[in-house]
Amino acid sequence: MSLLDSFKDPHLCQAVLERIHAELHGELRFMEVCGTHTVSIFRSGVRSLLPENVVHLSGPGCPVCVTHDSEVALFLELAGKNAIIATFGDLMRVPGPEKRTLKTAQAEGARVRIVYSPFEAIKLAQDNPNDKVVFLGVGFETTAPAIAATLKTAREEGVHNFSVLSFHKLVPPALHALAADPELQVQAFLLPGHVSAIIGVEPYRFLAQQHGIPAVVAGFEPLDILQALHLFVTMRNKGQAEVINAYTRVVADAGNTKAMAMLNEVFMPADALWRGIGLIPGSGLVLRPEYAAHDAMQVFDLTLRDVPQIKGCQCGDVLKGKISPDQCVLFGKACTPAAPVGPCMVSTEGSCAAYFKYRV
Amino acid sequence: MCLAIPMEILKIEGKTAEVQVGGVRQTIRLDVISEDPAVGDYVIVHAGFALSRLDKEEALATLKLFQEGLNIELT
Ligand code: SF4
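Chains as they are written, first to last, in this note's numbering: chain C, 1 to 360; chain U, 1 to 75.
Do not rely on the hints blindly, as some may be mistaken.
Restricting the straight-line Cα-Cα distance to at most 25 Å, the calculated cross-link-like pairs of lysine to any residue (SDA-like) are [as the list claims (entries may be wrong)]:
no., chain 1, residue 1, chain 2, residue 2
1, C, Lys238, C, Leu24
2, C, Lys103, U, Gly48
3, U, Lys64, C, Gln126
4, C, Lys8, C, Ala339
5, C, Lys258, U, Ile12
6, U, Lys56, C, Leu3
7, C, Lys8, U, Glu57
8, C, Lys152, U, Glu58
9, U, Lys56, C, Lys152
10, C, Lys258, U, Gln67
11, C, Lys258, U, Pro37
12, C, Lys258, U, Glu35
13, U, Lys64, C, Leu49
14, U, Lys11, U, Glu68
15, C, Lys8, U, Leu60
16, U, Lys64, C, Gly200
17, U, Lys64, C, Arg19
18, C, Lys357, U, Val39
19, U, Lys11, C, Glu120
20, U, Lys56, C, Val201
21, U, Lys15, C, Leu49
22, C, Lys8, U, Ile12
23, U, Lys64, C, Glu242
24, C, Lys258, C, Pro289
25, C, Lys123, U, Leu60
26, C, Lys258, U, Gly48
27, C, Lys8, U, Pro6
Chain C stretches covered by chain U per the calculated footprint, using a threshold of three residues with CB under 8 Å from any CB of chain U [to be verified]:
no., region
28, 92–105
29, 114–121
Hints listed in this document are in silico derivations from the structure and should not be mistaken for laboratory results.
If you're wondering where the values come from, they're calculated on a predicted model, not measured in any experiment.
Using N, Cα and C, we set each Cβ at its ideal position, and we do this for glycine too.
Whenever a hint applies, use it, and build me the whole structure from the sequences.
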């Protein structure tokens, strides 16, 4: 068995599961806040193997899902301007006001190009020197350094017709908001492995120290996830709450300092809107004034404004772990992956989509 | 879009590298990764950028820890 496959080893997984079974007393409600964890927990079958008293909540870990209605409205506003929009494919079908999407805008003639990497958007700008090319920047700390590197290159190489609309979000402030919510019933946080590869472990310490909530930085294989759950059980039985890095093969405790330096050179924190949660102080990233010429908000003179929320969609409550997707009245009926009403059903990493695909 | 996966480095050229996983080849950027990876290393790739190197020794150590923990309990 290859080294990486060992983290899928069914015998080891079974042994850890048995220990969770034997050692867990009462209910364990844990939340993951990473789209890759969401998908992995469902697809690997881990979810169906968990004891009944282990409750999995899928939190605000899908960047597409937490992109606010007002932000989607700006994507659509941009599509109406004389610009070429470069975007990750997931954003294409996210509904904005009046159920319009980038896909409908594209069908009506807007120039929208799907790119795999933000870096491709630079080439797009160089190939279209007479047009303005805007990259739609959504994502967490995992994605922001890639966008920062792209912006630095654009500036160094004088690609003047390239800009970014930055709606990046930061994970620790969202965890802060969740942990401070008196209605929250989360007893443990499974921390996002790849966000942590960038920011390290320190920014999460407050979970244990201020809120007494244990948290584990975990990888994405079944054994990683089960091992993290077992760590929660062990900590509870010992009456301890700590933040543990269990993904040391990828995550250094200090994070990726080079990526963080790059991120901080290009971006600065700002308040940001999260779908379903609302405004979270300091939870977003905007471009620094030095990058104003590449900031789509300024290049196109855009302003965020209030827009009506999607009727009937309870995505926000799903993202906060207050309801499970199948408790939404539209789930599986009016709202399916083929005809999604809310963003949590659009993205493959969305909680509603994962529920629909693997459970129903 | 949040997906990040380990891919093996086949070739390095300046700030870019050729990587593969399951027969799929791709060119990625090395601007963001903090340590210089070598050919044969696995790196975590997200949105066309390498984020971090996958440390095989740490992986082995983690597995050993898992197994030891379990054996102690199982015997
Ligand atoms: S099932 Fe659809 S409508 Fe209901 S919360 Fe999920 S995305 Fe929104």
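Hint by hint, here is what the structure shows:
1. C:Lys238 x C:Leu24: At roughly 12 Å apart (the allowed maximum being 25 Å), Leu24 (chain C) and Lys238 (chain C) satisfy the hint.
2. C:Lys103 x U:Gly48: With a Cα-Cα distance of about 23 Å, the restraint between Lys103 (chain C) and Gly48 (chain U) holds, given a limit of 25 Å.
3. U:Lys64 x C:Gln126: 50 Å, violated
4. C:Lys8 x C:Ala339: Since the Cα atoms of Lys8 (chain C) and Ala339 (chain C) sit roughly 34 Å apart, the hinted pair is violated (cutoff 25 Å).
5. C:Lys258 x U:Ile12: 19 Å, holds
6. U:Lys56 x C:Leu3: It holds: about 8 Å lies between the C-alpha atoms, which stays within 25 Å.
7. C:Lys8 x U:Glu57: Holds - the C-alpha atoms of Glu57 (chain U) and Lys8 (chain C) are around 18 Å apart, at most 25 Å.
8. C:Lys152 x U:Glu58: 33 Å, violated
9. U:Lys56 x C:Lys152: 32 Å, violated
10. C:Lys258 x U:Gln67: Not OK: Lys258 (chain C) and Gln67 (chain U) at ~34 Å, beyond 25 Å, violated.
11. C:Lys258 x U:Pro37: Holds - the C-alpha atoms of Pro37 (chain U) and Lys258 (chain C) are around 14 Å apart, at most 25 Å.
12. C:Lys258 x U:Glu35: OK: Lys258 (chain C) and Glu35 (chain U) at ~9 Å, within 25 Å.
13. U:Lys64 x C:Leu49: This hinted pair holds, its Cα atoms lying about 23 Å apart.
14. U:Lys11 x U:Glu68: Outside the cut-off at roughly 37 Å; violated.
15. C:Lys8 x U:Leu60: Holds, at roughly 14 Å.
16. U:Lys64 x C:Gly200: 23 Å, holds
17. U:Lys64 x C:Arg19: The given pair, whose Cα atoms are some 17 Å apart, holds under the 25 Å limit.
18. C:Lys357 x U:Val39: 38 Å, violated
19. U:Lys11 x C:Glu120: 20 Å, holds
20. U:Lys56 x C:Val201: Status holds; Cα separation ~20 Å.
21. U:Lys15 x C:Leu49: 43 Å, violated
22. C:Lys8 x U:Ile12: Cα-Cα ~30 Å, so violated.
23. U:Lys64 x C:Glu242: Status holds; Cα separation ~22 Å.
24. C:Lys258 x C:Pro289: 21 Å, holds
25. C:Lys123 x U:Leu60: Roughly 40 Å between the alpha carbons, so the hint for Lys123 (chain C) and Leu60 (chain U) is violated.
26. C:Lys258 x U:Gly48: At roughly 17 Å apart (the allowed maximum being 25 Å), Gly48 (chain U) and Lys258 (chain C) satisfy the hint.
27. C:Lys8 x U:Pro6: Given pair Lys8 (chain C), Pro6 (chain U) holds - Cα atoms ~15 Å apart, limit 25 Å.
28. 92–105: violated (count 0)
29. 114–121: Held - the region 114–121 of chain C has 5 residues with a Cβ nearer than 8 Å to chain U, which meets the minimum of three.
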